[in-house]
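Got chain A sorted already, so can you dock chains B and C onto it with the hints?
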Amino acid sequence: MKIPKHLSKSVLPIIGFAAIYGLIMLLKSFGIANNYHIQILMFAGVNIMMTLSLNVVNGFTGQFSIGHAGFMSLGAYGSAIITTLLLKPSVIPSSMQIPVFLLSLFIGGLVAALVGFLIGLPTLKLKGDYLAIVTLAFGEIVRAGLRLIEPIGAARGMIGVPTYANLAWIFTFVALTLFVVRNVIYSRYGRAWIAIRDNEIAAEAMGIDTTRYKIISFTFSAFIAGVAGGLYAHVVSFIQPDTFSFVKSSDLLVFLYAGGSGSLTGSIVGALLLTALPEALRFLASWRLVIYALVLIIVMLYRPKGLTGGYELPFLRIHRKELYEGAADPTVPEAEEGE
Amino acid sequence: MTTFFQLLIYGLQLGSVYALLALGYTMVYGIVGMINFAHGDFLMIGALSTVFLAMAFMSTSGTLSALQVIAIILIAMIGTGLVGVIVEAVAYKPLRDRPRMTALITAVGVSMFLQNFPRALPFIGPNPRPFPRLFPLIQYNIGGVTITSTQLIMLFLSLLLMFILYYVVNKTPLGAQMRAVSMDKDAALLMGININVIISMTFFIGAALASSSGIFYASIYPQVDVYMGGWLGTKSFIAAVLGGIGDIRGAMLGGFILGISEIFATSINSNFGYMIGFIVLILILLFKPAGLLGKFSIEKV
Amino acid sequence: MATILSIKNLTIKFGGLVAVEDFSADVQEGELLAIIGPNGAGKTTVFNMLTGIYKPTSGTIEMEGKNLIGLRPNQFAANGLARTFQNIRLFHNATVVDNIKMAYTLHSLEQFFPALLRTKSIVEQERELDIEVMRLLKIFNLDQQADLLSKNLPYGPQRKLEIVRAMMLKPKILLLDEPVAGMNAVEIDEIASLIRRIREKFNMTIILIEHHMNFVMPLADRIKVLDFGRTIAEGNPAEIQRNPKVIEAYLGGGYNAIA
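Chains as they are written, first to last, in numbering that gives the first Met the number 0: chain A, 0 to 338; chain B, 0 to 300; chain C, 0 to 258.
It should be emphasised that the hints constitute simulated quantities derived from the structure, not laboratory data. Misleading hints may appear alongside valid ones.
What the hints assert, rightly or not - Restricting the straight-line Cα-Cα distance to at most 27 Å, the calculated cross-link-like pairs of lysine-lysine (DSS-like) are:
hint : chain 1 : residue 1 : chain 2 : residue 2
1    : C       : Lys244    : C       : Lys12
2    : C       : Lys200    : C       : Lys169
3    : B       : Lys294    : A       : Lys124
4    : A       : Lys126    : B       : Lys287
5    : A       : Lys124    : C       : Lys12
6    : C       : Lys12     : C       : Lys54
7    : B       : Lys287    : A       : Lys124
8    : A       : Lys126    : C       : Lys200
9    : C       : Lys137    : A       : Lys320
10   : C       : Lys169    : A       : Lys320
11   : A       : Lys126    : B       : Lys170
12   : C       : Lys244    : A       : Lys124
To be verified - Far from chain A, by Cβ distances over 10 Å, these chain B residues were calculated:
hint : residue
13   : Met111
14   : Asn140
15   : Ile146
16   : Asn169
We treat Cβ as the ideally placed atom computed from N, Cα and C, and that holds for glycine.
Next up, chain A with everything else stripped away, as it sits in the complex (with noise of 0.2 Å):
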């Protein structure tokens, strides 16, 4: 049975997924692969979905966000309010956990959204520089202002969130991630934000409202790093508001740069790669850090477009072609007689 083009962008992938995530768990039924080493690619498919949140505002649409681990922390928080203090396991029955948590997580990511739309609205305004400086303090406000609040613990943070997240619900947020801002970037919304980055006056000339597409650029952002957030609360049970500071906005623009903004491909190389790294350099002590600076510095050095220099993975990308296959008529335009 031949699978139509389109349909094979979206199961071969999805098969492709559960293969490796088979493989996974054999090797970890092996022992081979130990719990250790499935944190670290749960931590890498939180990184993902940030990567790629922080791809839409700063790689597609060419805006200046330094500050996006704020949008993560008020997702985390947002959905572990949910999940700890109000709906606490051990006042719903078992068998609404799992709706519970999907439900956090959509909370944790509108909070993380509606925020995101409010500072957007006065701060898309300015341009470039100004731009990071905002985000940058907005990142950082967050912070603060969590550390104040002594219902979800202050500044010494949250404890008992339940670890409702497993690596097959990362591994299904992260393949639904790539999926919808895969569809977004081959959309009218993709192409307006690829407009504003590659020349912002033009695209306004060509009739594109600038402020309200990057408005929506980074509301949608927001809500994957919401989404990211709370999937990350999830997994390490404690969260406190100082894990979410510029540190961590900058290790989240290292993997986007690194890995090649601009390309969904990059966002997967980079954060995977970058989080994996670290762990890896263990054995050097107190020397993997300045390892690992090295390693960055080379790589941006010599591939200063990313590791993956704009390349996309082929069920990442959708060509022209496609739009052609399983139509009433699949003959793409060719040339008109006379005119």
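Same frame as chain A, now just chains B and C:
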């Protein structure tokens, strides 16, 4: 009322630290258009090398003479300045024509390196060290307000450095060349200015000033560790933006505004003190989007 | 002929400098109005005011009774004013097709959530857009380069692409800022034919800034001459060529060389 003046003294003290650090940030930004996230670490290098220099000098006599203190400060500043030149030559120069984000990420890597390399060295390590007393500590009491000789000397030296910098940039041929490069690199090149030398000089001066700021900071809070530069660097970046990034007077103004408001805010509540910098920044940007003294560059349509 | 754009006394000052003073025009439907003048005369500044990039200090711009002043550039475009730029402003990292598609954003009916899921409706809309863009490219002979990155096109086709992209907006008035700058005689002829075709096929109203006189004179119905921000002459090509003030502005007086 005396509290007000007392806090003001502390604010000026902290402000001068931020101002000296912000100057380096703003100069580099003005000349190469780059935000050097590793700038704060020059502060740390200055403070840390002072610790070791003082140890070396004191090993013979046990105390430090005024001449030795001046020598230590100068050696630390020059040494850090050279580190700045090397960093620029190795990590930033190759990326000059690349998109800005690339250099930024490299700066993150440089910062990580500058912090963790000394940390990995056995004789430095991650633990904080006490900072030596460089300046005589005599307390003066004026109308209920305590002011120390350390503070006076620090303020004097900081203002002196700022004055020297301002003079160099605005009244000397070197300064004219620096300003030319910051306005139009290509035109400066065509006018026969050696851009590489100017850029190296800028990094030298910026790093040297950062190290002096580190020495002064450590004189106030005498604990030094390899990570002390990161957060201070971020705050001085905010000071530079608030004053108008790329403008030297803006950096000085921003530094003092940040230092003074931080001291006053901390006296009310420590969390407030932590946040005040950002709040002041956002307030200023709302009314003056380019910072207090900043100007947007016009894009030709 | 009807007036479709009414420009009255546009003046703009930058600080103490008056860049454009009292520019007025009643643009007739279907006409080709050329604005010429020495460099720095304020021609592009007029365009920037007519497309919302600058806000005039005084004066009005009215289209079909609606005052456009104070609107943002994208709203000017929505009202039917499309332009090209003196320095090419293509979306350089996008393909030729995508550049055109980006100009369709304004009219597109794709919604955000369906786009996230890439529903059948979205795919259909994308397909129809692609077909229409290819049709447009075919008319202007750029269809063979459809999938090239716009930055990889040679200079002439890049300028042509900018014009085609502006056409995608289905504008009422097309503003072309030095469309043949830096071109050789063959390329200039091509663009001249292109402009004629656009006028014939779409009855397009065009406002044109250019320096190449042998390009402007045969094409223009009306010409306005600017010097130091002021309109020093107005008329049809024949009148302008004979106008002593115009000759003086370009050549400093004493020559009658424009022929």
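Going through the hints against the structure:
1. With a C-alpha separation of about 24 Å, the suggested pair lysine 244(C) and lysine 12(C) falls inside the 27 Å cut-off, and the hint holds.
2. Pair hint lysine 200(C) plus lysine 169(C) holds up; C-alpha atoms about 12 Å apart against a cutoff of 27 Å.
3. For the given pair, lysine 294(B) sits about 16 Å from lysine 124(A) by alpha-carbon distance, which is consistent with the 27 Å threshold.
4. Under the criterion of a C-alpha separation no larger than 27 Å, the hint pairing lysine 126(A) with lysine 287(B) is consistent with the structure, at around 13 Å.
5. Distance restraint check for lysine 124(A) and lysine 12(C): the Cα-Cα separation of roughly 24 Å lies within the 27 Å cut-off, and the hinted pair is therefore satisfied.
6. Straight-line distance between C-alpha atoms of lysine 12(C) and lysine 54(C) comes to about 10 Å, which keeps the hinted pair within the 27 Å bound.
7. With a C-alpha separation of about 13 Å, the suggested pair lysine 287(B) and lysine 124(A) falls inside the 27 Å cut-off, and the hint holds.
8. At roughly 41 Å between alpha-carbon atoms, lysine 126(A) and lysine 200(C) are farther apart than 27 Å, so this suggested pair is violated.
9. Simply put, lysine 137(C) and lysine 320(A) have alpha-carbon atoms about 17 Å apart, close enough for the 27 Å limit, and the pair holds.
10. Distance hint between lysine 169(C) and lysine 320(A) is fulfilled; the C-alpha atoms sit about 25 Å from each other, no more than 27 Å.
11. A hinted pair counts as satisfied when its Cα atoms are at most 27 Å apart, and lysine 126(A) with lysine 170(B) does not qualify at roughly 32 Å.
12. As the CA atoms of lysine 244(C) and lysine 124(A) are separated by approximately 45 Å, the hinted pair breaks the 27 Å bound.
13. Its beta-carbon lying about 4 Å from the closest one in chain A, methionine 111(B) breaks the requirement of being farther than 10 Å from that chain.
14. Non-interface call for asparagine 140(B) relative to chain A: holds, since the shortest CB-CB distance, roughly 36 Å, exceeds 10 Å.
15. Residue-level check passed: isoleucine 146(B) sits 31 Å from the nearest beta carbon of chain A, beyond 10 Å.
16. Listed as a non-interface residue, asparagine 169(B) keeps its Cβ farther than 10 Å from every Cβ of chain A; the least gap is roughly 24 Å.
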